[in-house]
Amino acid sequence: MLLKGENILKQYHHNGSLINALDHVSFTLQKGDFITVTGPSGSGKSTLLLALFGLIRLTSGQIIFDGKRIDNISDREITNIRKKFVGYILQTFALIPYLTTIQNVMIPLALEKIPRKAQYKRAAEILEYVGLSDRMEHLPRELSAGQQQRVAIARSIIHNPQIIMADEPTGNLDPALSLEILEFLKKINRENRITIMMVTHSPMAAGYGTLKLHLNEGKIVESNN
Amino acid sequence: MTISKLVLIELWKRKSQLITGLLAITLGIAVIVAIQSVSTVSEQNVARNLDNLGANILVLPQAASIDDYYTSDIDAPTLPMDYVERILTSTIAGVDNMSPKLTRRIKVGGQSIVLTGILPKSEIASKPLWQSSGLLGAELKAACATNQSANQSHGLEDPKLKRKTIDTLNSNDCLAGSQVASRLKLTPNTRINIIGKEFNVVKILPETGTVDDDRIFANLRDVQQLLGIENQVSAIEIMGCCNAISEGLLGKLRNILPDTRITTIGQIVSTQIETNQLLRKVTLVMLIIIFFVGGISIGNYIWANVNERKREIGILRMMGTERGTIYKIFLLKALFLGVAGGVLGYLFGTLAGVILGPYLAGIIVKPVYMYLLWSILLSVAISLAGSLFPTYLAAKFDPHTNLQED
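These protein sequence lines are chains A and B, in that order. Sequential numbering from 1 applies to the first sequence in the working numbering. Sequential numbering from 1 applies to the second sequence in the working numbering.
Certain hints may be false.
Among the chain A residues that face chain B by a calculated CB cut under 8 Å, a handful are [what the hints assert, rightly or not]:
| id | residue |
| --- | --- |
| 1 | L55 |
| 2 | R76 |
| 3 | T79 |
| 4 | R82 |
| 5 | Y88 |
| 6 | L211 |
Partial list, derived from the structure: chain A residues whose beta carbon lies under 10 Å from chain B [said to hold, decoys possible]:
| id | residue |
| --- | --- |
| 7 | K4 |
| 8 | F53 |
| 9 | Q62 |
| 10 | N80 |
| 11 | A123 |
| 12 | A124 |
| 13 | N192 |
Derived by calculation from the structure, the hints in this document are not laboratory data. Using N, Cα and C, we set each Cβ at its ideal position, and we do this for glycine too.
Please model the entire structure based on the sequences and the hints provided.
Structure below.
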C-alpha cells in the first residue's frame, strides 16, 4: 500500500455555516495505480488532492503514506515528503514565469541540493523524454499551452517521485493536446510505475484511470477502489 | 540552479522593479554619505574654530587656587617642570598642546607688572589672538577635529622636537602686553631692564582684554633663572580635545599628576562640547530618519514583490520548498539590493559631497573610503530590517490559497 486515506474530514466555515468539503472520505492506493477523481464543481476533488500531502490541513481523519501517518506531522516533515516523493501537475501549469524551461524543470533538484551539472544533465534527459529538448532555453510565455504542460510534467517527474498529483491537467488544453498529455501520463505510469492521482472533469480523461472515485458534496458516491 | 541563482535571475528579469528598489536604497545611502562627508569636514572646521578659544585645562599646584594663578603673587606655589615631560611621555590621548608657564608679579620702572616665562611656540599655539598677529609660522592642527591623535602640537609628533621650541625666543628677547607697553612706553626693539637683566622687546602684543595685556613674556628658562625658581612652573595650560575631556581626560591626567589641582576652563569646554554634540545630534537625527524612510521604502518594495509573487511562493511550497528557503529567497534579494545600494549610494553620495560641498557649505570635501564599508553595512542593515516583516508574511502564506490565484 502506497497511500491510504481513512475517514478524511475537512470542514470550513462559510457565511456562518459549517461546510463539509470532504466528508469521511476513505480510499487506498497501491504503487503503480492510476486513480481518477471526478465530480461536479465544488464536490471536493481538488481539496482532496491538496489535502493528501499537507497543502490543506485536515479537520480529522488519517492519511498514511508508505506505511507512515502523515496527517499529524510537522510542516517541515510534510514539506520534505512533498519534496522527495510527490510531483504536482496543475491546470494552470504553475511554471515560474522568469525561468527558462530547463531552469523550471531543475527546481526540484535544486531544492534537494543536487550538484548543478547533475541537475542540468538530468533535466536535459527529461526534456528530451517529453519532447522539448529544442525548447530548453525558452521562457514559459514563448511556449504553447501543450508545451507548458509538458514542462510541468517534466518538472513533476525529474526527482523520481512515488506519486504524481494532477489537478485538471488537461483543463486548459484543446482535445488533441489533452489526449497527448493523457497518453503521456499513462506512459509515465506504465514505464516508471509512478502512481498517479488525477482530478478531472472530463469523462474522456477519467477513462484513463484504472481506479475511479466520484465525489459529490465531499462524499464518495461511486468507487471501484 | 541554486536559490541564489533563482534570486539573481528574478532580479535581472524584472529590471524595472530592480531599478525602483535600488533607487530607494541608493538615494537613502547617498544622502547619508553626502551629509556625513560634509559634516565631517564641517566638524573639523568647527573644531579648528573652537581651538581658537584657547586652552581649556589648567594644571596648578595642589595648594594653589585660580586666584593665585591670576594674581601671580611672589610666594604663589609652583609645580615641577618635569610634569610636562610626564604628560608628554604618557599615552594619554586628547592632549593637543601644553604651555607651561611661570608667573611672578615684579616691579619694572616703578610699575607693577607680571613677568611670565613661557615656551614661546607652545604659548602662541594656545593663544589664537597672538596667532592672528603674525607670531606663528606653523599651522596649528585642530584639537577636536576627527582623526586627530594626541600629542601632535605644531605637527611635530616627536615630543623631543617640541621641546626645541624653547629656543625660538632668544634668551634676551621678550614680548610685551599692550597695557604694559602703554604704561612703560615700550615699542618694538626698545630695551627694558627686568630684575637686572637687559631684554629687547621684539613685539608688542595685540590687546586681548585678558590678564595677558598686563604681562611681559620671556623665555621660560630665563625667567626661572631670573627668579631663582629653577625647573618650576606656576601652571600648565593645556588645549585638550573636548571629546577627550568628556571621555575622562581630566581623570587620566590626575592619575599621572596626583599632587596637582587640575581644572577645566568651564565656559570654553562646555562651548566646545555643546557644539560638537549638536553636530553629532544633527547627523544622528538625519541617520535615524533615513534609516526609517529607507527601511520603509525597501519594506514596501519587498512587500509589493511578495504580493506579486504569491503564486510563485505557492508553487515553490507545493514542490517542497521549506519556509526557511522562502525566507532565504527574499532576504537574499534584500542582501543583494543592500550591497548594490550601498556601493552606488557611496559613489553618488561622495560625488554629491565633493561637487556640492564647495558651493553649498563653502568647504572642500574629499572621499572618505572607510564610508564605503559603512555604506554597505548600513544599506544591508536597512534592507534586511525593511524586508523582515514582508518575508515573514511570505513564509506564512497558505500555499493552497496562493496556488489558486491567477
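Structure-based check of all given hints:
1. L55: Check passed: Cβ of L55(A) comes within 5 Å of chain B, closer than 8 Å.
2. R76: holds, 6 Å
3. T79: Hint holds; T79(A) Cβ to chain B Cβ min 5 Å, cut 8 Å.
4. R82: holds, 4 Å
5. Y88: holds, 5 Å
6. L211: violated, 24 Å
7. K4: Since the shortest Cβ distance to chain B is 21 Å, the answer is violated.
8. F53: holds, 9 Å
9. Q62: violated, 20 Å
10. N80: holds, 7 Å
11. A123: holds, 9 Å
12. A124: Violated: closest Cβ of chain B sits about 13 Å from A124(A), beyond 10 Å.
13. N192: violated, 18 Å
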